[in-house]
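Trainee: Assemble the whole structure, with the sequences as input and the hints as a guide.
Chains E and W, in that order, are what the protein sequence lines are.
Numbering-wise, full-length UniProt numbering puts 194 at position 194 of the first sequence, and it's gapless, one number per residue.
Numbering-wise, full-length UniProt numbering puts 42 at position 42 of the second sequence, and it's gapless, one number per residue.
To be clear, the hints were calculated from the coordinates, so they are not data collected in a lab.
Positions of the beta carbon are idealized from the N, C-alpha and C atoms, including for glycine.
One should not assume that every hint holds.
Examples of chain E residues toward chain W, derived with CB under 8 Å [claimed, not checked]:
1. 133
2. 135
3. 137
4. 144
5. 153
6. 198
7. 200
8. 201
9. 249
10. 253
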Amino acid sequence: MNRQALGYVVGAYEHPLRAAPDTSVAQLHAEVALGALADAGLTKDDVDGFFCGPDAPGTGPLSLADYMNLNLRHVDTTNTSGSSYLIHVAHACQAIAAGKCNVALITLAGRPRQEGKSKGALKRADNPNQPDFEWEHPFGIQILGVYAMVAQRHRHLFGTTAEQMAWVKVAASHHAQHNPNAMLRDVVTVEDVVNSPLVADPLHRLDCCVVTDGGGALVVAREEIARSLRRPLVKVIGCGEAPVGQNGGYMEITNSGAQKSGATAYEQARVTAADIRYASIYDSFTITEMIQIEDLGFCEKGKIGRFVDDGALISGQGRLAVNTDGGGLCNNHPVNRGGMTKALEAVRQIRGEAHPAVQVPDCDLAIANAIGGQLGVRHASSTIILERG
Amino acid sequence: MDGYINPDPTPGPETQAFWDAAREGRFLVKTCTACDRAHWYPRNICPFCSSSDTVWKDASGRGTIYSFSPLRRMPKPYIIAYVTLEEGPTMMTNIVDADPADLSIGMPVQLKFSRTESDFRVPTFTLSAGPATA
Ligand SMILES: [Zn+2]
Chain E
1 MNRQALGYVV GAYEHPLRAA PDTSVAQLHA EVALGALADA GLTKDDVDGF FCGPDAPGTG
61 PLSLADYMNL NLRHVDTTNT SGSSYLIHVA HACQAIAAGK CNVALITLAG RPRQEGKSKG
121 ALKRADNPNQ PDFEWEHPFG IQILGVYAMV AQRHRHLFGT TAEQMAWVKV AASHHAQHNP
181 NAMLRDVVTV EDVVNSPLVA DPLHRLDCCV VTDGGGALVV AREEIARSLR RPLVKVIGCG
241 EAPVGQNGGY MEITNSGAQK SGATAYEQAR VTAADIRYAS IYDSFTITEM IQIEDLGFCE
301 KGKIGRFVDD GALISGQGRL AVNTDGGGLC NNHPVNRGGM TKALEAVRQI RGEAHPAVQV
361 PDCDLAIANA IGGQLGVRHA SSTIILERG
Chain W
1 MDGYINPDPT PGPETQAFWD AAREGRFLVK TCTACDRAHW YPRNICPFCS SSDTVWKDAS
61 GRGTIYSFSP LRRMPKPYII AYVTLEEGPT MMTNIVDADP ADLSIGMPVQ LKFSRTESDF
121 RVPTFTLSAG PATA
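Mentor: Set out below in structure tokens:
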């Protein structure tokens, strides 16, 4: 089926480093930008649109655009934390359609391990002027605790077990063994996960993602340019974004914005979950990935435990190959923002360029989804659907 | 789960009354007189009907555990929780004076203010006395 393209992903690059003691944040951004442009067969002089998040040091895009000496006519610094970079893909397509740019560069890079943000729970660097701050900070809110409360409630409502959550990590590790750049390449078992230390019940240490330096970049371009390049065509055919708050204190924390962002993207792409051959799903914690898989319609709400507990997410043996690069749980989680790497592996799958051991045969439709902010507090889900051109 | 001291709140023009009342042992919840609904966290403008006719009301201090998790690896471990108040909304808080093994979602809890680093009072909860109705 020939669906209408919103835009084309023509370049994708993942930095090979997972620890970057000797590279500045600006240089990391430039390296991933040049990597993605080289992948596309373009140069920095082709770029007229630049998209970045707050991992870009300086005021919005200004310092990095100057460092790389870009000549721009469109910029966008939408920030929904880890889901920003999938929203950037959507906004790049919109900007291209509106005639605001032809070649959009999207970068993510940083060095959380060098800056001492790799140990233990990550404190939120929030602003007392944000209205929720004084109602959460005094109770010791941090990322691990709120995701643990989501998992605890999912267990309470649906009977989801620690062993079922562990299967998500097991699948990621099966994929990561084939990724030479992955931070954690050892295959783990369900027993390994549930026997790792409890960090915040019901989450064990191995339910949590890695923290890495590095980054990644994407290049999105209009059709005429994409067709002029010597790379497999990757069409963006559907996008959705959904910020979710607490509704004045009447919320259900086991629901994510993926219900809405996914439905929006499916409708635009004119596909359903049943059509999707590969899924990149942000896995900050095992429970994060599970809730998105449910909310994107791959299984009935509340049934994710039974969906995953026979290796369903392992490429080549399961029903739905997810995070074939090893995901944030094993491969890479640069700057604690998972959306970028989700798009990168989805592009590889559509191009047929994933590792042969994990490549989905004839992968013509893929979805990438990310949750930014904090599931269970306030977050934004973003979805993109890619098709082989 | 002992020894944890809550960080200070940061009162502002919209919330000073709450923290002043807390020092007197009163737990206030903002309620809208236009739509008659309580909300959390407190705002001057109702998040449901956008009316500015919101008022502070004394809350019962009773609620049930919506979710919780003991943060075991923190230097001073503590239990973060969401509690659904009898007045309706669900708030982020801590469960204090409790063994995490004794907790489950749905259990009734009762307000118990905790002191912060600079001697503010923040609303935290303990398990209610008597048989659990969860
Ligand atoms: Zn109202």
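Trainee: All the hints need checking, so say for each whether the structure fits it.
Mentor: Evaluated hints:
1. 133: Since the shortest Cβ distance to chain W is 6 Å, the answer is holds.
2. 135: holds, 4 Å
3. 137: holds, 6 Å
4. 144: holds, 7 Å
5. 153: With a closest approach of 4 Å, the residue 153 of chain E hint holds.
6. 198: holds, 6 Å
7. 200: holds, 5 Å
8. 201: holds, 6 Å
9. 249: holds, 3 Å
10. 253: Holds. Min distance 7 Å.
Of the numbered hints listed earlier, not one is contradicted by the structure.
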